[in-house]
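Knowing the structure of chain S, use the given hints to seat chain H on it.
Note that the protein sequences, when read in sequence, are chains S and H. For the first sequence, the numbering used here begins at 1 and goes up steadily by one. For the second sequence, the numbering used here begins at 1 and goes up steadily by one.
Calculated directly from the structure, the hints in this document are not laboratory data. Some clues are possibly wrong.
[What the hints assert, rightly or not] Label pairs and their calculated CB-CB ranges:
1) S:320 to H:346: 39 to 45 angstroms
2) H:352 to S:40: 38 to 44 angstroms
3) S:195 to H:393: 40 to 46 angstroms
4) S:343 to H:280: 26 to 32 angstroms
[As the list claims (entries may be wrong)] Quick partial rundown of chain H residues pointing at chain S, CB under 8 angstroms, derived from the structure:
5) 124
6) 234
7) 448
[As the list claims (entries may be wrong)] In the DSBU-like style, the derived pairs of lysine-lysine whose C-alpha atoms are separated by at most 35 angstroms in a straight line are:
8) H:454 to H:547
9) S:224 to S:94
10) H:205 to H:308
11) S:53 to S:242
12) H:454 to S:344
13) H:390 to H:454
14) H:547 to H:594
15) H:87 to H:168
16) S:110 to S:242
17) H:395 to H:186
18) H:168 to S:344
19) H:186 to H:200
20) H:186 to S:211
21) S:389 to H:168
22) S:358 to H:186
The structure displayed is predicted, hence computed values, not measured ones. Yeah, the Cβ is synthetic: ideal placement off N, Cα and C, and Gly gets one too.
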Amino acid sequence: KDEFLEAPRPLEGVTVAVKDNFCVTGTRTSCGSRMLDNFTAPYTATVVERSQKAGGIVIGKTNLDEFAMGSGTVDSYCGPTKNIWRSGIKYKLKTKHGTDVNDGSLTTEKLADSWPVAGGSSGGTAVAVAAGAATVGLGSDTGGSVRIPAAWCGIPSLKPSYGALSRHGLIPLVNSLDVPGLMARNVQDLQIYFDVLRGRDQFDSTSVDLKDCDYEEVELENIKLGVPQEYFCEGMSDEVIKSVSDMCNLFSNNGVNIDSVSLPHTDMAVPCYSVLNPCEVASNMARYDGVEFGLAGSDTSYNEAMAASSRSQGFNDVVRGRILAGNYFLLRRHYDEYYLQALKVRRLIQNDFLEAFKSVDYLLTPVTLTDAPSFADFTAQDNRTQTAKQDHCTQPVNLAGLPAVTVPICLSGYNRTTAGSEEGAKRRSLPLSVQLIGPYGSDKKLLRIARWIEERVDFPTLVLCD
Amino acid sequence: MVCIKCMRLLHRLPDSGGIFGPALQRYTWRQLSSTVAVKNQTAVADHLSSTVAVNNKTADEGQPNLSKDLVGRTIWDPKNGIIRISKSGQRWESVIGVEVHAQIKSNSKLFSTAPNEFNQPVNSKVAFFDAAIPGTLPVLNSRCVLAGVRTSLALNANVNLVSFFDRKHYFYADLPSGYQITQQRKPISQNGSFTFDVMKSDIKKEYVKTSHLVQIQIEQDSGKSLHDDIDGQCLVDLNRCGIGLLELVFAPDLRYGPEAAALAKELALVLHTLQACGGRMDRGELRVDANISVRQPGQEFGTRTEVKNLNSLRSVTDAIEFEVWRQIAALEDGQIIENETRSYNVETGETVSMRDKERKQDYRFMPEPNLPPLVLDPALINTEKENLPKLPAEKRSELHQKYGINKDICRTIVDNPHYFTLFMECVEYKPLDFKSVANIMVLIIQEYLLEYEKIFVSEHDIKSSDHSVDEIVTISAKDLVEASNLRMERLINHTALRILIRSKLDGDTRTIIELVDEKDLRLIVDRKYIQEFVDDILKSQSSQVDKYLTAKPKRKARQLVPIRLAANEDPRAENVDMVIFNDILMQKLDSISKKD
Numbered sequence: 001k002d003e004f005l006e007a008p009r010p011l012e013g014v015t016v017a018v019k020d021n022f023c024v025t026g027t028r029t030s031c032g033s034r035m036l037d038n039f040t041a042p043y044t045a046t047v048v049e050r051s052q053k054a055g056g057i058v059i060g061k062t063n064l065d066e067f068a069m070g071s072g073t074v075d076s077y078c079g080p081t082k083n084i085w086r087s088g089i090k091y092k093l094k095t096k097h098g099t100d101v102n103d104g105s106l107t108t109e110k111l112a113d114s115w116p117v118a119g120g121s122s123g124g125t126a127v128a129v130a131a132g133a134a135t136v137g138l139g140s141d142t143g144g145s146v147r148i149p150a151a152w153c154g155i156p157s158l159k160p161s162y163g164a165l166s167r168h169g170l171i172p173l174v175n176s177l178d179v180p181g182l183m184a185r186n187v188q189d190l191q192i193y194f195d196v197l198r199g200r201d202q203f204d205s206t207s208v209d210l211k212d213c214d215y216e217e218v219e220l221e222n223i224k225l226g227v228p229q230e231y232f233c234e235g236m237s238d239e240v241i242k243s244v245s246d247m248c249n250l251f252s253n254n255g256v257n258i259d260s261v262s263l264p265h266t267d268m269a270v271p272c273y274s275v276l277n278p279c280e281v282a283s284n285m286a287r288y289d290g291v292e293f294g295l296a297g298s299d300t301s302y303n304e305a306m307a308a309s310s311r312s313q314g315f316n317d318v319v320r321g322r323i324l325a326g327n328y329f330l331l332r333r334h335y336d337e338y339y340l341q342a343l344k345v346r347r348l349i350q351n352d353f354l355e356a357f358k359s360v361d362y363l364l365t366p367v368t369l370t371d372a373p374s375f376a377d378f379t380a381q382d383n384r385t386q387t388a389k390q391d392h393c394t395q396p397v398n399l400a401g402l403p404a405v406t407v408p409i410c411l412s413g414y415n416r417t418t419a420g421s422e423e424g425a426k427r428r429s430l431p432l433s434v435q436l437i438g439p440y441g442s443d444k445k446l447l448r449i450a451r452w453i454e455e456r457v458d459f460p461t462l463v464l465c466d
Numbered sequence: 001m002v003c004i005k006c007m008r009l010l011h012r013l014p015d016s017g018g019i020f021g022p023a024l025q026r027y028t029w030r031q032l033s034s035t036v037a038v039k040n041q042t043a044v045a046d047h048l049s050s051t052v053a054v055n056n057k058t059a060d061e062g063q064p065n066l067s068k069d070l071v072g073r074t075i076w077d078p079k080n081g082i083i084r085i086s087k088s089g090q091r092w093e094s095v096i097g098v099e100v101h102a103q104i105k106s107n108s109k110l111f112s113t114a115p116n117e118f119n120q121p122v123n124s125k126v127a128f129f130d131a132a133i134p135g136t137l138p139v140l141n142s143r144c145v146l147a148g149v150r151t152s153l154a155l156n157a158n159v160n161l162v163s164f165f166d167r168k169h170y171f172y173a174d175l176p177s178g179y180q181i182t183q184q185r186k187p188i189s190q191n192g193s194f195t196f197d198v199m200k201s202d203i204k205k206e207y208v209k210t211s212h213l214v215q216i217q218i219e220q221d222s223g224k225s226l227h228d229d230i231d232g233q234c235l236v237d238l239n240r241c242g243i244g245l246l247e248l249v250f251a252p253d254l255r256y257g258p259e260a261a262a263l264a265k266e267l268a269l270v271l272h273t274l275q276a277c278g279g280r281m282d283r284g285e286l287r288v289d290a291n292i293s294v295r296q297p298g299q300e301f302g303t304r305t306e307v308k309n310l311n312s313l314r315s316v317t318d319a320i321e322f323e324v325w326r327q328i329a330a331l332e333d334g335q336i337i338e339n340e341t342r343s344y345n346v347e348t349g350e351t352v353s354m355r356d357k358e359r360k361q362d363y364r365f366m367p368e369p370n371l372p373p374l375v376l377d378p379a380l381i382n383t384e385k386e387n388l389p390k391l392p393a394e395k396r397s398e399l400h401q402k403y404g405i406n407k408d409i410c411r412t413i414v415d416n417p418h419y420f421t422l423f424m425e426c427v428e429y430k431p432l433d434f435k436s437v438a439n440i441m442v443l444i445i446q447e448y449l450l451e452y453e454k455i456f457v458s459e460h461d462i463k464s465s466d467h468s469v470d471e472i473v474t475i476s477a478k479d480l481v482e483a484s485n486l487r488m489e490r491l492i493n494h495t496a497l498r499i500l501i502r503s504k505l506d507g508d509t510r511t512i513i514e515l516v517d518e519k520d521l522r523l524i525v526d527r528k529y530i531q532e533f534v535d536d537i538l539k540s541q542s543s544q545v546d547k548y549l550t551a552k553p554k555r556k557a558r559q560l561v562p563i564r565l566a567a568n569e570d571p572r573a574e575n576v577d578m579v580i581f582n583d584i585l586m587q588k589l590d591s592i593s594k595k596d
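Isolated chain S (complex conformation) (with noise of 0.2 angstroms):
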């Protein structure tokens, strides 16, 4: 319309892909789960409508783990979600200056057997956008579901500041955690669609107004940067690693000052997590007994019975077993040695971060222990294994409420196992990224220190042949 023309919105005709736990009006929101399979939204959620109102054209609902429950978007009623590197797809890789790439060492082919696996739980979104199937995508964070997908699907990310995104129509994994998270191909395109998401919700009591600031006002210069020492754990291979001291180094010749930092309570995130998140599951959960919306069991005898099988046909093993394991917390002899005691551990590691930017502006850690595995790799190992393993970079972010932004920087490098073999003869070529944490509210800021980074490093665009 020529009216849009004159004066075009922000996201003017800008095609944006949604996480299948947002409600938008008319369609189908399953939540990859077969509770949901029948459940058309009534409403539409208050980012996917601002997303529109902006001029964006929401191209379609994206894959997740059931519920977001998982890191790897392999859990999902409607089958695992491939990665858009190495999966047998064809794909370019172009420079900034969109010039092929010429590296010898690189290679886009299958991996051998299997394929990456997206990373989860917003494996679809990443997918998407990294294809460039849409320009901009929404995710939902809760323990690192936005940033793991973005990292292993080698595009930038955000995961805001608790209560900057509203929540309204964000089908809930863990209330007190969840944030809607954004996905795009570069920061900039974050950072406009941050602005037009931003604010204040009606509907949502925990959401607020952050204070504003505009992103070139940002100081570069004399600002600190932290280094959290108990964020290179076990099992997080040395490339991550390796990764992460080139970033320490870039920014240092650059004269920002870098500080080696300790969060002392980051092992606890995990555990702590492995609490909150099924006591709000078990809760959150209670919904779906097949009388309002969603799967009606099979057995209508009476009205347990019908809640009992329309739960135990349409939830998945992992959402079954986090609704034990919170009733059981829950249960009032339990309350206080778990629910109580996880929220005084949450409330010690959200002390660590208030603590650490005592000392420094913002944190530079890594988001990921590895590049993305293969799904033969991943699934080796359950859910929950999995998901204990992954989230150990992001979970204590989203206890702590505060703003993260991941920056892929590079590709990954040779595969130790496969060395000497025609598998070994190339790099793994996956995306590593690397995580930026700020104070609450610092979002605006870290997106525009994510930029100078994206700057900087030569990380290749992925261009898919046809």
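For chain H alone, kept in the frame of chain S given last:
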């Protein structure tokens, strides 16, 4: 009936046959045969106390065993308060604590924008949040919070400047989210008290009772399940789901069913005055749960049962009394009382165990993560405190002390807010006599309402009334005062007054004066006319007049009665000023006696 303490007859009985005569025995047995039935009991005077001690003594001494008179009865004992005497003669004390659920009067529901309206088509007032549609979030209605604050202040409770919301989990078809949002950890207010009058009953004169208020919490109402027995279906109506409730938790301070009913009645009135709740039990706006246990006086609390959802004052009294006596009988029978939830069946008058719900529920409470702590501004609380409306107790004492209205009439007027409004409007018109105004309301208007089954609404509330037009009647304060003043000035008599008021209630648009004139209600004060009337009466009653004249001065008044009665029976008495009539009558009689 006999007082066992002082061995005095309290009521004149037909042929008592002496204190322990057979007639008395029969009488008491008949009266006492029903075990529970508070309503069946005949009056026992206040000083009928320490009875059992005396009883035991008399029994020991081989006297007729009077404990039989008290078996299965509730008595007042100045030392122990209200005491139950079981069939086996043991003394028990019942302990009752009530929880009142009051639906908050607000335009929309507690956490959603769906309207809060009664009696609407099934599932027509349901927001997505109320149906627990995934992804919806609660948004707290400030109107409900204010209602909670006002109620807390009126009940002298400490308002918490910070309170929290929690989720209470249980599965039920009419609870779509699988949890109720309530305030478990820290409610909006704590530690209040509530004072109310307990009406004169079979066991005791009217008395004042105070119950400690443990806390007030704001929570959601559930939907309604309708069980279709024919198809075996359970149908759910979510119109009520999500309406705000104030749950008022009272300490176990009560000892008797009627006390709980009195508490509920006064509370309904207070909440209505505060505009916090409609207070209508018949609409489920106010529901009472009673926690009941029994113990032998001086012992620890017994195991309690909870009788849920009592929705009339009658049910409150009857359910509690049934449950008390059931527990006593069970305990004396060697059974144990289980801590369980029971429901009350109005048809049978019995409480029954609700076995379909788990007996020991673990509600798995957890903080509601979607609502930040509720933080109240002390300034807001102060404003609310200053703007608290006059409470019923204060209104009653004002009516009594300032306008000299009898206490029972004060109660009737204050119990009906429309009466109170009308009365205060009447005060503006400066009636000659306040009592007359009050009497018109509680006698003439009340009688009219009962007769025609109508509801009285004060004039300026008519528009806001939720009753249909043909259900309600009204009268303006101006008309009422005018009529009352006419009566006080002796321009009309009581019959005429009644006619005037009833005409206005009927909706007659003529003014009071027009009515008086057109219905010819003015009293006849024409002395000549009245003189003729007196003469006629004296003539017809000549023999009685003779008796009067010859009677000794002390007996004269008695001899006058038949003459006056005769005058009243005369149709002319209807509109003659009987004061003038009496004047002339006495003059005439005087002059006759002088002549003699």
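Report task. Could you tell me which of the numbered hints above are not met by this structure, giving the numbers in increasing order? Result -> Of the numbered hints, 3, 4, 5, 7, 8, 11, 12, 15, 19 do not hold.
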